Amino acid sequence: MIKIENLEKVYKTEEVETTALNGINLHVKEGEFVSIMGPSGCGKSTLLNVMGLLDKPESGSYKFIDTELLTLNDRERSNFRKRNMGFVFQNFNLIDELTVFENIELPLIYNRIPASERKTLVNEIIERMNIVNRSGHFPQQLSGGQQQRVAVARALVTKPKLVLADEPTGNLDSSHGNEVMELLCELNETGTTIVMVTHSSHDASFSNRIINLKDGHVVSEKINKSRNEELI
Amino acid sequence: MFKLNLKIAWRNLWKNKGYTFINILGLSIGMASCILIFIFIRYQMSFDEGFKNEDRIYRLTTNWTSADGFAESQGVPKPTPAAFRNDFKNQVEKVGSIRQDGGVIKVKDDAGKERIKVQEDVFYAEPEFFQIMNFEWLEGNPNQSLTQPNTVVLSQEMANKLFGDWNKAVGKTINYQNRDNFTVSGILKDIPDNSSFPLNIVVSYQTFKNYKNENFNSWGNTSSNDECYFLLKPSVSIDEIRSILPKFSEKYFQKDNSGKEEISAQALTDVHYNENLGNFANRTMPKKELYGLAIIGAFLLLTACINFINLATAQAVSRSKEVGVRKVMGSLRKQLVFQFLTETLTISVLALLIACVLTEIALPGMRSLFQDNISFSIISHPIILVFIVVLVIVVSFLAGFYPAMVMSGFSPALAIKNKISANAGGLGLRKVLVVVQFSITVILIIGTLVVLKQMNYMREKPLGFNPSAIAMVSVRNDSLSLLKYQILQERVSKIPGVLSTSFCRNPPSSSNNNESNFRYNGTEKANFQVNTKVADENYFKTFGLTFAAGRGFSKSDTIREIVVNETALKKLNVVNFNDALGKKIRIWDKEGTLVGVVKDFNNLSLHEPISPVLITTVKENYRNLAVKMDSKQILAVMPKIEKIWNDTFPENFYSASFVDDDISQYYETERVMGVLFKVFAGVIIFISFIGLFGLISFVATQRTKEVAIRKVLGASTIELVRMLNGSFLIMVFIANLVAWPLAYLFISKWLSTFTYRIEISIWPFALAMIISMVITLITVSIRSFKAANANTIDALKYE
Numbered sequence: 001m002i003k004i005e006n007l008e009k010v011y012k013t014e015e016v017e018t019t020a021l022n023g024i025n026l027h028v029k030e031g032e033f034v035s036i037m038g039p040s041g042c043g044k045s046t047l048l049n050v051m052g053l054l055d056k057p058e059s060g061s062y063k064f065i066d067t068e069l070l071t072l073n074d075r076e077r078s079n080f081r082k083r084n085m086g087f088v089f090q091n092f093n094l095i096d097e098l099t100v101f102e103n104i105e106l107p108l109i110y111n112r113i114p115a116s117e118r119k120t121l122v123n124e125i126i127e128r129m130n131i132v133n134r135s136g137h138f139p140q141q142l143s144g145g146q147q148q149r150v151a152v153a154r155a156l157v158t159k160p161k162l163v164l165a166d167e168p169t170g171n172l173d174s175s176h177g178n179e180v181m182e183l184l185c186e187l188n189e190t191g192t193t194i195v196m197v198t199h200s201s202h203d204a205s206f207s208n209r210i211i212n213l214k215d216g217h218v219v220s221e222k223i224n225k226s227r228n229e230e231l232i
Numbered sequence: 001m002f003k004l005n006l007k008i009a010w011r012n013l014w015k016n017k018g019y020t021f022i023n024i025l026g027l028s029i030g031m032a033s034c035i036l037i038f039i040f041i042r043y044q045m046s047f048d049e050g051f052k053n054e055d056r057i058y059r060l061t062t063n064w065t066s067a068d069g070f071a072e073s074q075g076v077p078k079p080t081p082a083a084f085r086n087d088f089k090n091q092v093e094k095v096g097s098i099r100q101d102g103g104v105i106k107v108k109d110d111a112g113k114e115r116i117k118v119q120e121d122v123f124y125a126e127p128e129f130f131q132i133m134n135f136e137w138l139e140g141n142p143n144q145s146l147t148q149p150n151t152v153v154l155s156q157e158m159a160n161k162l163f164g165d166w167n168k169a170v171g172k173t174i175n176y177q178n179r180d181n182f183t184v185s186g187i188l189k190d191i192p193d194n195s196s197f198p199l200n201i202v203v204s205y206q207t208f209k210n211y212k213n214e215n216f217n218s219w220g221n222t223s224s225n226d227e228c229y230f231l232l233k234p235s236v237s238i239d240e241i242r243s244i245l246p247k248f249s250e251k252y253f254q255k256d257n258s259g260k261e262e263i264s265a266q267a268l269t270d271v272h273y274n275e276n277l278g279n280f281a282n283r284t285m286p287k288k289e290l291y292g293l294a295i296i297g298a299f300l301l302l303t304a305c306i307n308f309i310n311l312a313t314a315q316a317v318s319r320s321k322e323v324g325v326r327k328v329m330g331s332l333r334k335q336l337v338f339q340f341l342t343e344t345l346t347i348s349v350l351a352l353l354i355a356c357v358l359t360e361i362a363l364p365g366m367r368s369l370f371q372d373n374i375s376f377s378i379i380s381h382p383i384i385l386v387f388i389v390v391l392v393i394v395v396s397f398l399a400g401f402y403p404a405m406v407m408s409g410f411s412p413a414l415a416i417k418n419k420i421s422a423n424a425g426g427l428g429l430r431k432v433l434v435v436v437q438f439s440i441t442v443i444l445i446i447g448t449l450v451v452l453k454q455m456n457y458m459r460e461k462p463l464g465f466n467p468s469a470i471a472m473v474s475v476r477n478d479s480l481s482l483l484k485y486q487i488l489q490e491r492v493s494k495i496p497g498v499l500s501t502s503f504c505r506n507p508p509s510s511s512n513n514n515e516s517n518f519r520y521n522g523t524e525k526a527n528f529q530v531n532t533k534v535a536d537e538n539y540f541k542t543f544g545l546t547f548a549a550g551r552g553f554s555k556s557d558t559i560r561e562i563v564v565n566e567t568a569l570k571k572l573n574v575v576n577f578n579d580a581l582g583k584k585i586r587i588w589d590k591e592g593t594l595v596g597v598v599k600d601f602n603n604l605s606l607h608e609p610i611s612p613v614l615i616t617t618v619k620e621n622y623r624n625l626a627v628k629m630d631s632k633q634i635l636a637v638m639p640k641i642e643k644i645w646n647d648t649f650p651e652n653f654y655s656a657s658f659v660d661d662d663i664s665q666y667y668e669t670e671r672v673m674g675v676l677f678k679v680f681a682g683v684i685i686f687i688s689f690i691g692l693f694g695l696i697s698f699v700a701t702q703r704t705k706e707v708a709i710r711k712v713l714g715a716s717t718i719e720l721v722r723m724l725n726g727s728f729l730i731m732v733f734i735a736n737l738v739a740w741p742l743a744y745l746f747i748s749k750w751l752s753t754f755t756y757r758i759e760i761s762i763w764p765f766a767l768a769m770i771i772s773m774v775i776t777l778i779t780v781s782i783r784s785f786k787a788a789n790a791n792t793i794d795a796l797k798y799e
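Just so you know, the protein sequences line up as chains S and P, in that order.
Quick note: the first sequence uses full-length UniProt numbering, first residue 1, plus one each step.
Quick note: the second sequence uses full-length UniProt numbering, first residue 1, plus one each step.
Everything labelled a hint here was simulated from the structure, so no lab data went into it.
These numbers come from a predicted model, not from an experiment.
Some hints here could point you the wrong way.
[Said to hold, decoys possible] Pairs of lysine-lysine residues, derived as DSS-like cross-links and limited to a Cα-Cα distance of at most 25 Å, are as follows:
hint, chain 1, residue 1, chain 2, residue 2
1, S, Lys56, S, Lys161
2, P, Lys7, S, Lys12
3, P, Lys705, S, Lys12
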C-alpha cells in the first residue's frame, strides 16, 4: 500500500544542517502493523510525520496505493490526510475545551459528514472503545489511559486506511499502555494498516514487522514471527 | 528586592516586546489626548480669574419674554447704570458702565503727518468699572485717568504699537474716527488672552456722554455694546438683588402687550461660559461642551486601560510559574500585588514620556482648531504637572490593579506545575471589556458620521437665497459718506465681473438682527415683532430672492414701499398673499405700502426657525454695499473694489467680508466639534484595534496546539481562520448592539438643537457596524491567518 523510495529530509538552522532522513526505502502492505524503532534522533518521528503528510521531505517518492503524495499541494495534502489517515500521539493532543464526544466528532466535521451520521459514527466508536459513560467529560477529567483511548477513537472514527501512532504508550503506565496496544491490535485485525513509532520493544512485539532506523537509514528489518504466526 | 523586581519587570517587558509596544503605544496616545483635553479645559476655566472680590462682581443683563419666547442681551439700556446705582445704594458698592465701539485710529508724528491708520476696538468706560475690576495699571489710575472727557487709556501693547514705546505715550494724542482727539492718560498692563475683556483702547465714559446724538434717558433701546458691572457689598447676597430686580424693571420699562422686559444679574464667573449672553471678547465656551470633552477624554483613557488589562490578564498565565515560586519562597500576596503594580507604573511612566512628546506635536493643531493660545508649560501652570502625576497614578491603578489581583491570586501548587489554564485570567471579563471598548468606538463612529452628515446638510441646504460670491463692503453712514453712496455704487458696478450691487444693512441671513414692532393694515400693533432688513431696490436681485406674490419695491431713500416674507403674513393669518398687497404697514412711526411677498429664506442659522421678515428702504441705516460677482472673477474684482472704496472714502478704513464665509461662521462650534469627533474617533479606533491585534495575537499563540490538532484532523486554513476570528466578530457585533441605543440617544439630543436637521436613518448605524466589523476582520485575520498557516508539528510534539 505504501511505497517510500529514497526519502531525504534535512533540517536547517542557522548553523547546522541535520540530515534526519537519508535515503529511506520502505514498503508497507495493506493490513500490516509496522513498528519503527531506533535511538533518539534517528529520524523515526520525522519519517512518521512525512508519512502523515505533516512534513515535506527534500526529495524522494512517497506512493500511497499508486498515488504520488509528495507532489500534492497543501490543500490536496490536507484533503488526502483527512480521508485516509488517522493519528495517535504520545501526548494525546485532545482539545481541552471540547468534550470527549466533540473531540471524536471533530474529524467527521472536517470531512463534511452530516450531523445525524456523525452521531451514529461517534456513538458506535465510543461504545467500541468502552468509554460510553465518559462521552460528556472533558479531557482533563480522564485518566491518561482513557485520554489515549479517546485519541484512538478519534483516529478511527473516519475509518482511515492508515493509522499513524507516535509512541502511543509513552505517557502511560504499563497496564494502560497494554490496553492501548491491545486496542491497536484489535484494530489491525479488522484490516487497518498501522505504522507505529516506539521506544519500547514490548510495544513493538505487538506488530508484524519491526524496522530499525539509525542516522536516517534503515539498518535492519525483522519479521515478528510470533505475531505473524498468530495471524495465520 | 526592589532592584530584582525591576529587573524581572524589565526582562518581561523586553521578552514580550510586541505586547509592551501595544500597551505603551495605546496608553501614550490615550494619555496624550487626556493631557491635551486637560490643557484646553484648564485654559477655558482660567478665564476672568484673579480679580479681587471676583465672587462679588456681577453683570447686569436684559431679557425679554414674549409670545415668541425668551431672548437675552448682555447689554442694558443706557439709563440703567445710573438708576441702578441710585436704587441699590444699600446693596451695591460700585456700579460701572463700559461700552464697546470701534473705528479708525490715527496717529500723527511730530511734524503733523499721518503715521498710523488702523481699525481698532475702542471702549468707553467709567472709572468705577476699573474700581470693580482691578486690572493692573502701569501708569495713571482709574480715578484720575478716566474722569475727564477726551482722555484715553492704552494697553502696553497698543501703546507700543501706536507710539513705539509705552513709556513715552502718556500725554500724546490719538485721533478717533476723524472726529475726536484723545489724550493718553494712562497705561494698562496687557490683558492676557484668557479674558473676556480685550481692552486695548479705553476712552473715558464722559467722552461718550458728551456726544450729542446719544440718548441717556431712553429705556426702549438696548444694545449689546452697553455692558454694566457692579460690585456687591460684602454682606449682601445676590439673591436679595435678584428679588428686587423685577420691581426695578417694572418701575422703568414701558409696559406693552408684546412682551415683558427685565433686567437681571449674571455672575462674572458665568460670563465666559454663557453662550446665550455674549461678551466683549466674543468667545464663550459652554460648560457642557467642556464636560463633553472631559467625557471623551475619560473614554479614551478607559479604552487604553482596557487594552492594558486585557493583555496583562491574557499574559498572566505565562507568569504563573514565577508567582508560584515566589509564593513558595514566602512572598505575601500583598508583596506580589505591589510588584505587579510597580510594573504597571513603569509602563505608565514610559507611556507618559511618549505622551508628552505627542502632546507637544499635537498642540499647534489644537491651537489652530480652537484659535486659542494654549500652552503645555508645566512651569507657568503647575496644575498641569499635578494632573499628569494624578493621571499616571490613576492609569497604573486602573490598568494594573485587576491583573495584579488575578496573578497574585494563583494557587502556588497549581502554578508551579504550570497547571494554570489560560482562562484563569478572566476570559469572561476580557470579553466584557472588549465589548465595552468597542461600544465606545462604535458610538464615536456613529457620532462622527452623523455630525459630518449634518454639517454637509447645512452646507448644502438651499437657504432661499444665493449667498455665493457676494462681498459685503462696509460703508459709514455719516452725512458726508451718504453723499458719496451713489458714486461708489456707480463705479463699483462698472468693474467687469460685478453682476449687481445693493446698499443694505445686512445680508438676508445675518447674526446682526433688528427686531421691531409694527402695525398691519391700520390695526393695532401686531402681537409679534418682525426681523427688519433695510436695503435698496437691488437687494432682491443681488441675493437672488424670489417672490411668492407682488414685486420688489422701487427706488426710494425713505420708507415708501415694503416687502415681507411668507412667514410674516402667515403669522398675520393672511391666507391669500395677493390680498395683502397694497395694504399699509406702519413701522418706526412711518407708513409704507406692502408691494411684495418674498418667499421664505433662512434669515438665521439653521439652529433657528425662519422669522417673520420685513424689508424696506431707509438710506441712512445702510451699513454695507453688497457686491455680487462672477465667481470666477472674484480675485480680480476685489482689489478693484478696494481701490475705488479708498478713493471714495480716503479718511476711512476699508473692510469687507464674504456672505458665505459669514454664514459658515455660524457653524464654527459644529465645525470644531466635527474635527474633534473625527480626530478622537480615529484615535479611539486605533487604540481599540491595536488592542484587538494584541489580543488575537495572544489567543493565536495560546491556541497553537489546538490549531495544530485541528489541522492534522483535516481543517483547512480558511476554517481555522474562521474559528479564530469567530469570537472576536461576535464580540464586536454585540458591541454594536450595545452602542446603537446609546448612540441614538446622543445624536437625537444633538440634532434636536437644529431646527433644520437630517433625519436619523439606519445607515450611520449600519455603516458603523460594517466599518467596525470589517476592520476587526482585517485586524484579526492578519494574525490568525499566520497562525493557521504555521507549521503544525512542533506544537503537537511538546506540551
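Going through the hints against the structure:
no.: 1; hint: Lys56(S) - Lys161(S); in the structure: 21 Å, holds
no.: 2; hint: Lys7(P) - Lys12(S); in the structure: 35 Å, violated
no.: 3; hint: Lys705(P) - Lys12(S); in the structure: 23 Å, holds
When held up to the earlier numbered hints, the structure conflicts with hint 2 and nothing else.
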